[in-house]
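> Chain by chain, the residues run as shown.
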Amino acid sequence: MTDLATPPQEHTHVPLKHPRLPSSAPLLAAGIAVAASAIVGMTLGWGVAGIGALAIVLHLAGITLWSRAVENARAATDRLVTSLVWVALLVALIPLVSLIWKVITEGANALNGRFLTWSMRNVIGEPGGIYHAIIGTLLITLAAAVISVPVGLLSAIYLVEYGGQSRLAAWIRFLVDVMTGIPSIVAGLFAYALFSIIFGPGTQMGLGGGVALSLLMIPIVVRSAEEMLKLVPADLREASYALGVPKWRTIIKVVLPTAMAGIITGVTLAIARVIGETAPLLIICGSTDSVNFDVFHGQMASLPVFIYSSYTQPGSNPEILKSMAWGAALVLIIIVMALNLFARLAGKFFAPKRGR
Amino acid sequence: MALAGVAIFLTAEGLPGLTASSEDLKGHANFLAYVAPLVFGTLLAAVIALLIALPLAIGVALAVSHYAPRRIAVAIGYLVDLLAAVPSVVYGLWGIAFLGPRLVPVYEWLAAHLGFIPFFEGPASNTGRTIFTASIVLAIMVLPIITAISREIFVQTPRLNEEAALALGATRWEMVRLAVLPYARSGIVSAAMLGLGRALGETMAVAMVLSASGVVTFDLISSTNPSTIAANIALTFADATGIQRNALIASGLVLFVITFAVNFAARAIVERTDQGRAR
Chain A
1 MTDLATPPQE HTHVPLKHPR LPSSAPLLAA GIAVAASAIV GMTLGWGVAG
51 IGALAIVLHL AGITLWSRAV ENARAATDRL VTSLVWVALL VALIPLVSLI
101 WKVITEGANA LNGRFLTWSM RNVIGEPGGI YHAIIGTLLI TLAAAVISVP
151 VGLLSAIYLV EYGGQSRLAA WIRFLVDVMT GIPSIVAGLF AYALFSIIFG
201 PGTQMGLGGG VALSLLMIPI VVRSAEEMLK LVPADLREAS YALGVPKWRT
251 IIKVVLPTAM AGIITGVTLA IARVIGETAP LLIICGSTDS VNFDVFHGQM
301 ASLPVFIYSS YTQPGSNPEI LKSMAWGAAL VLIIIVMALN LFARLAGKFF
351 APKRGR
Chain B
1 MALAGVAIFL TAEGLPGLTA SSEDLKGHAN FLAYVAPLVF GTLLAAVIAL
51 LIALPLAIGV ALAVSHYAPR RIAVAIGYLV DLLAAVPSVV YGLWGIAFLG
101 PRLVPVYEWL AAHLGFIPFF EGPASNTGRT IFTASIVLAI MVLPIITAIS
151 REIFVQTPRL NEEAALALGA TRWEMVRLAV LPYARSGIVS AAMLGLGRAL
201 GETMAVAMVL SASGVVTFDL ISSTNPSTIA ANIALTFADA TGIQRNALIA
251 SGLVLFVITF AVNFAARAIV ERTDQGRAR
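For the protein sequence lines, the chains are A and B, in the order given. Note that the first sequence ends on residue 356 in our numbering; no numbers are left out. Note that the second sequence ends on residue 279 in our numbering; no numbers are left out.
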């Protein structure tokens with residue numbers, strides 16, 4: 001009989017836990033990096049941007065080397081990537097913050113009652129107002145909405161209720177997706193070409209702006225309305241069919257009211273998206289200094305075009321017009337934000353009553 | 001339907017421009033010589049913008065989907081949407097008044113120290129209105145699109161794959177690299193192409209920021225820059241007459257074809273991935 005008992009081996013001690021950096025390590029490293037680069041930057045007389053860049057580099061190098069020394073190579077890579085992700089986030093947010101800060105500080109100076117209620121007609125050498133541009137923007141956007149909401153909504157209803165999985169519906173869906181990517185200036189050129197053919201060359205009017213913007217707006221409306229209509233439970237439709245209600249009546253009385261909240265949200269977001277478009281309006285609407293209520297005749301001013309032309313071609317009083325451009329930018333951003341907010345609220349407010 | 005209409009009308013109005021004589025095209029021999037520098041500028045600006053935006057966008061999307069705590073992630077998502085909601089003309093305003101002047105010292109430094117690289121040959125522009133500035137503004141504008149799409153795809157990564165990777169002892173980065181990125185690769189590609197399409201067609205920011213002179217050059221920081229199709233249309237359309245306008249519309253048609261091709265490819269990739277996933 002052999003002796004099965006093996007002599008006890010000497011195990012080298014393997015710890016269950018690897019050494020880890022404290023959980024506050026990234027913040028600590030970031031703090032040290034910022035402090036160090038601030039000292040270096042200030043002694044060398046750098047700006048904020050230089051100090052920030054140096055701090056980022058120091059932090060990335062510091063946390064990686066520290067982790068490599070205490071932990072291991074894999075953990076070091078992990079920490080490096082984590083820091084990179086956060087840095088990317090910071091860098092992406094810098095322009096947003098700086099942009100909004102700049103628009104608010106520069107725009108607030110120009111904003112007053114006269115600025116909102118005067119036009120630029122016969123205004124020379126003093127600040128005028130942007131009333132004509134606000135009116136123009138609202139009318140053109142209204143025209144765009146009037147064109148694109150019915151077209152978009154009906155297309156969406158076709159896609160969901162009638163088209164289903166058919167080949168035609170798949171193609172329309174695909175083309176609508178591609179249409180989302182039409183450059184805005186091409187939409188403007190299209191409207192210009194269309195109106196040149198119909199009304200003679202060189203026609204510029206507010207309605208053309210509406211047509212151009214609706215071309216940009218329709219795909220957004222179709223996609224959002226389609227998503228919303230898809231969410232309507234099939235049970236509701238079937239219950240309606242079971243009661244003998246024809247299809248068109250089911251759509252009007254059952255499907256649309258159920259999806260209404262989402263559709264309103266989608267339309268509002270689409271309006272917010274096109275209200276700031278400049279390029280098509282520059283081509284098809286032109287610009288003017290007078291108030292123009294008639295979308296069918298004559299050039300029409302709009303906020304984005306006003307911002308563009310008064311900043312790039314300020315004429316004899318550059319300071320005044322440039323500050324007015326900032327004011328108009330602030331007004332435009334406020335309108336867009338208000339529309340976004342309204343879209344969110346509408347989603348909650350018009351939501352169908354779930355009952356119980 | 002409408003898409004076909006756009007193509008037809010643009011062709012109809014653009015055709016006279018294709019055969020326009022040289023005095024109408026500001027000294028260019030024919031339409032091809034007129035539009036080629038513009039196409040070059042368009043592609044250059046868009047590609048640089050994409051190079052800047054893509055890493056940032058993936059970083060932000062990862063932060064939202066896998067790194068940040070939920071509450072912060074929601075706030076960041078809202079901020080990125082805000083970035084998308086700002087009108088392009090306001091970006092242009094910001095680029096020309098704020099970003100441009102602040103980049104001048106950077107350009108001077110680049111021209112002085114890295115001048116041997118053709119991109120930074122200089123002489124540095126003293127207004128900051130260069131194609132590099134325009135590309136940065138474009139990058140900021142396409143960032144929200146790429147971020148939104150890649151975020152959606154990162155979130156869809158199967159939970160089990162992620163947990164399996166973590167259970168095998170992977171660090172968080174290894175989990176992302178092994179589970180999330182392979183799953184999302186085609187999504188990222190199509191997001192990037194959609195962003196490229198947007199950058200190609202963006203007009204106002206470029207028109208305002210760039211001081212263009214219609215040359216073909218790889219020098220990113222000098223004051224003579226290639227123009228882009230869209231910006232060229234916006235800048236010269238008001239002063240153009242007759243056949244010049246037709247030429248501009250024809251260049252718009254070129255832009256339309258390019259962006260259509262890019263978007264078509266992007267959507268086709270998305271469709272294919274969706275079908276592959278359904279199996």
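These aren't lab readings, by the way, just hints derived from the structure by calculation. Only a predicted model underlies this, so the values are computations on that prediction, with no experimental measurement involved. For every residue, glycine included, the Cβ atom is placed at its ideal position computed from N, Cα and C. One or more of the hints may lead you astray.
Not close to chain B: a few residues of chain A, all C-beta gaps over 10 Å, as computed [what the hints assert, rightly or not]:
id, residue
1, Ser23
2, Gly62
3, Val255
4, Ala325
5, Val336
6, Leu345
Heads up, simulated SDA-like pairs for lysine to any residue below, C-alpha to C-alpha not over 20 Å straight-line [unchecked claim]:
id, chain 1, residue 1, chain 2, residue 2
7, A, Lys17, B, Leu82
8, A, Lys17, B, Ala97
9, A, Lys322, B, Asp81
10, A, Lys348, B, Gly77
11, A, Lys102, B, Arg172
12, A, Lys17, B, Arg102
13, A, Lys348, B, Arg102
14, A, Lys348, B, Tyr78
15, A, Lys322, B, Ala167
16, A, Lys102, B, Leu166
17, A, Lys102, B, Trp173
18, A, Lys322, B, Gly169
19, A, Lys348, B, Val74
20, A, Lys322, B, Pro101
21, A, Lys102, A, Ile334
22, A, Lys17, B, Pro101
23, A, Lys102, B, Leu54
24, A, Lys322, B, Phe98
25, A, Lys102, B, Thr171
26, A, Lys253, A, Arg273
27, A, Lys17, B, Leu235
28, A, Lys17, B, Pro105
29, A, Lys102, B, Pro101
30, A, Lys102, B, Ala170
31, A, Lys17, B, Gly77
32, A, Lys102, B, Val39
> Taking each numbered hint in turn, which are not upheld by the structure, reported in ascending numerical order?
Violated hints (numbers, rising): 4, 5, 7, 8, 9, 11, 12, 13, 15, 16, 17, 18, 22, 23, 25, 26, 27, 28, 30, 31, 32; every other hint is consistent with the structure.
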